[in-house]
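2 protein chains.
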Amino acid sequence: MKRALLASLRRSPAAPCLLSKRYVSAFGYTQAKALVYSRYGQPKDVLSLHSHSIAPAYNDEITVKFLASPINPADINQIEGVYPSKPPFTTALGTPEPCAVGGNEGVVEVVAVGAKVPDFKPGDRAIMRSVGFGTWRTHASAKSSHLLKIPDDKAITPIQAATISVNPCTAYRMLKDFTPLERGDWFIQNGANSGVGRSAIQFGRLWGLKSVNVIRDRDNADELKKELEALGADVVVTESELADRDRMQEVKRLAGKKGMKLGLNCVGGKATTDLLRQLGHGGHLVTYGGMSRQPITVPTSLFIFKDLHLHGFWVSVWSDKHPEEKQAMVEEIFGYITSGEFKDTPVQETVWTPTTKVDVLKEAVARSGQAFGGKKQVFIFKEE
Amino acid sequence: MKRALLASLRRSPAAPCLLSKRYVSAFGYTQAKALVYSRYGQPKDVLSLHSHSIAPAYNDEITVKFLASPINPADINQIEGVYPSKPPFTTALGTPEPCAVGGNEGVVEVVAVGAKVPDFKPGDRAIMRSVGFGTWRTHASAKSSHLLKIPDDKAITPIQAATISVNPCTAYRMLKDFTPLERGDWFIQNGANSGVGRSAIQFGRLWGLKSVNVIRDRDNADELKKELEALGADVVVTESELADRDRMQEVKRLAGKKGMKLGLNCVGGKATTDLLRQLGHGGHLVTYGGMSRQPITVPTSLFIFKDLHLHGFWVSVWSDKHPEEKQAMVEEIFGYITSGEFKDTPVQETVWTPTTKVDVLKEAVARSGQAFGGKKQVFIFKEE
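From first to last, the protein sequence lines stand for chains A and B. Position 217 (the first sequence) corresponds to 217 in our numbering; numbering is contiguous. For any residue, its number in our numbering is found by taking its place in the second sequence, counting from 1, and adding 1000.
Be aware that a few hints might be false.
[As the list claims (entries may be wrong)] List time: in silico DMTMM-like cross-link candidates among lysine to aspartate or glutamate, alpha-carbon distance up to 25 Å: (1) A/K176 to A/E331; (2) B/K1176 to A/E80; (3) B/K1143 to B/D1359; (4) B/K1176 to A/D177; (5) B/K1321 to A/D185; (6) B/K1321 to A/E182; (7) A/K121 to A/E109; (8) B/K1143 to B/E1223; (9) B/K1270 to A/D307; (10) B/K1258 to B/D1274; (11) B/K1258 to A/D320; (12) B/K1306 to A/E331; (13) B/K1257 to B/D1177; (14) A/K270 to B/D1274; (15) B/K1226 to B/E1325; (16) A/K306 to B/D1307; (17) B/K1258 to A/D177; (18) B/K1375 to B/D1177; (19) B/K1306 to A/E325; (20) B/K1258 to B/D1185; (21) B/K1306 to A/E80; (22) B/K1382 to B/E1349; (23) A/K362 to A/E349; (24) A/K321 to A/D185; (25) A/K321 to B/E1182; (26) A/K143 to A/D119; (27) B/K1306 to A/D185; (28) A/K321 to B/D1320; (29) B/K1086 to A/D307; (30) A/K257 to B/D1320; (31) B/K1343 to B/D1177; (32) A/K321 to B/E1341; (33) A/K306 to B/E1383; (34) B/K1065 to B/D1320.
[Said to hold, decoys possible] Over 12 Å on every C-beta distance to chain A, these chain B residues come out as not near it, computed from the model: (35) S1038; (36) Y1058; (37) N1059; (38) L1067; (39) V1111; (40) A1115.
Because the hints were derived from the structure by calculation, they are not lab data. All of these numbers come straight from a predicted model, not from anything done at the bench. We put the beta carbon where it would ideally sit given N, CA and C, even for glycine.
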């Protein structure tokens, strides 16, 4: 009853002056846990699990609980301090030292809203509007400006919502923003098995584009080829197949006289040079990752005589610059998901309950840090 | 008198049916010599001097004599067969085997015109409209479509006219076409001592742009620095100076917060990677040569986090696609030359008279083929 009274008071326009933070601190607080770091380093060394309380949502505050938060490679680089985007360290969570919360992508459910929050209500689901919020935590206090509401459709799973902002959005923009592609045009990508790669295959299929998909050499290549073909890949080749002179020519002929117009690259090194050689005159290569940790090497002749253009893409910066376009894009992608036309990337879930030990969480982070390894890691938050 | 009669007959509309080629072959022929090749290889092995006669200009034909023709590095590559643009081999000059004439750039004076040539008259000077005409020859029979008339201003020397199409035009387009530059903006280039480099320095000065100019390490670096500064270079550094950490930071600070917007590259290898690191966020690098014969190596992070864009530029293709813009550009540059605002690149002249031996000509070609060496080579044609 006290809670209901408090809520009614807090929703009344006259209420704020009656309610000091100190007053409400006696009850209605949310117990939260967050994976934080107060210095840069290896995640296993610097991450710790911090417990704190969140005051009831007041004024323009929104209390959210996390439903799912992925662990992206960039999250690891951020903790290592080698990523250009660094969230500020603060003592807002009552940590002894200033710290930041790990993670950048995630989906939340609104638990409570302050009186001055017209656009969200309890039960709404939302994703992060930008990077840097810190998503490896059970609960948070947010503002409207941090959140992008997602459609109220239970067909969208928490994992789908939690993983839409980085991988599918990256693939979407790279296929749209660098060179005009018409139905029937070809593109080529490496890392085709990644989250971005699988998204690009599916957008390609939905938009009438043809794709050549390069995967690393592996034991189960045939199985993976079938899996990607089922998503809509037109051609899947391994790196060593693409490096073979005959197969290289064969792939090149696929796109006919026009040639491949676009390449998507997340590898680097020789694999990327081989990819570049597939592009047609005037083609564009967009780099969004460098999993091999090797630079990109380009023969001068490809610039001068083939008129190739090389670019990079970083979805975080794009999202910050284009909030409205991001919203429209996300809605379009959720439309594909709910109509069953867009499939998830396989993930490995780590359940995070109020009693989960920090070591379990750190192991999930460590698994994600393994370059070229395994599935995408995702925290799934449960109440018990 | 016979000539005058012939000319009057040939200019009369009824004349052509009266005048067979066989008839005019008895007189009025021009004795010409051309450096030709009938197979690809080292210029010293495959070039030969071919003598032939050119029939008097008939109908839409224009007889031209060459005044000056440079030897560009691309001309050598073309003869070696490693250049993508290859002129067709023909027997038009009466050679025993089909052959092509060397050279692509040059300036001519019109000697005679056929009756159906409204736009040229004897004494007019012209440059080649496109590549592939073959300019290492004393005379040629051309059509209007091959020629771009130049201003009737004796202040324009044959060497200036002969060398305008490749180097100044390349520099001009690279500064104009890849990213918008405003007065006060900075660009950086390597090979600053080359024909393109010197042109870029001067356009930069004329257009209010600031330039950082990288030259190779050499004994006379200080002398060369002064020479380039006199052309308008704001900063000149050697490759090893630019590779020095402190100097690198110092150069980077020149462009302030905006950063360098554009880089021009004709080297490759480490020198180009160092150049890339100077570019500001969102900067563009344009490659127009690869003198070190090493590829361009780009760390992935420069694409993703610095949003760099890499392109190539090939003036031959550009000229073929934009004939009207080329004419306007060439007129603008001739304007700078006649007003004294644009200085020549130093050249080494080889005089070509009717009695010059083939070995003398081939030595000039060999000098041009020396990578990183000496001055630009130019044939100067004299009657005696």
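Consistency of the hints with the structure:
| no. | hint | result |
| --- | --- | --- |
| 1 | A/K176 to A/E331 | 16 Å, holds |
| 2 | B/K1176 to A/E80 | 41 Å, violated |
| 3 | B/K1143 to B/D1359 | 31 Å, violated |
| 4 | B/K1176 to A/D177 | 23 Å, holds |
| 5 | B/K1321 to A/D185 | 24 Å, holds |
| 6 | B/K1321 to A/E182 | 23 Å, holds |
| 7 | A/K121 to A/E109 | 10 Å, holds |
| 8 | B/K1143 to B/E1223 | 45 Å, violated |
| 9 | B/K1270 to A/D307 | 22 Å, holds |
| 10 | B/K1258 to B/D1274 | 18 Å, holds |
| 11 | B/K1258 to A/D320 | 19 Å, holds |
| 12 | B/K1306 to A/E331 | 29 Å, violated |
| 13 | B/K1257 to B/D1177 | 23 Å, holds |
| 14 | A/K270 to B/D1274 | 21 Å, holds |
| 15 | B/K1226 to B/E1325 | 34 Å, violated |
| 16 | A/K306 to B/D1307 | 22 Å, holds |
| 17 | B/K1258 to A/D177 | 24 Å, holds |
| 18 | B/K1375 to B/D1177 | 28 Å, violated |
| 19 | B/K1306 to A/E325 | 22 Å, holds |
| 20 | B/K1258 to B/D1185 | 8 Å, holds |
| 21 | B/K1306 to A/E80 | 19 Å, holds |
| 22 | B/K1382 to B/E1349 | 12 Å, holds |
| 23 | A/K362 to A/E349 | 13 Å, holds |
| 24 | A/K321 to A/D185 | 29 Å, violated |
| 25 | A/K321 to B/E1182 | 23 Å, holds |
| 26 | A/K143 to A/D119 | 11 Å, holds |
| 27 | B/K1306 to A/D185 | 29 Å, violated |
| 28 | A/K321 to B/D1320 | 39 Å, violated |
| 29 | B/K1086 to A/D307 | 18 Å, holds |
| 30 | A/K257 to B/D1320 | 20 Å, holds |
| 31 | B/K1343 to B/D1177 | 23 Å, holds |
| 32 | A/K321 to B/E1341 | 43 Å, violated |
| 33 | A/K306 to B/E1383 | 42 Å, violated |
| 34 | B/K1065 to B/D1320 | 23 Å, holds |
| 35 | S1038 | 24 Å, holds |
| 36 | Y1058 | 38 Å, holds |
| 37 | N1059 | 37 Å, holds |
| 38 | L1067 | 29 Å, holds |
| 39 | V1111 | 36 Å, holds |
| 40 | A1115 | 41 Å, holds |
Checked against the numbered hints given earlier, the structure breaks hints 2, 3, 8, 12, 15, 18, 24, 27, 28, 32, 33 and satisfies all the rest.
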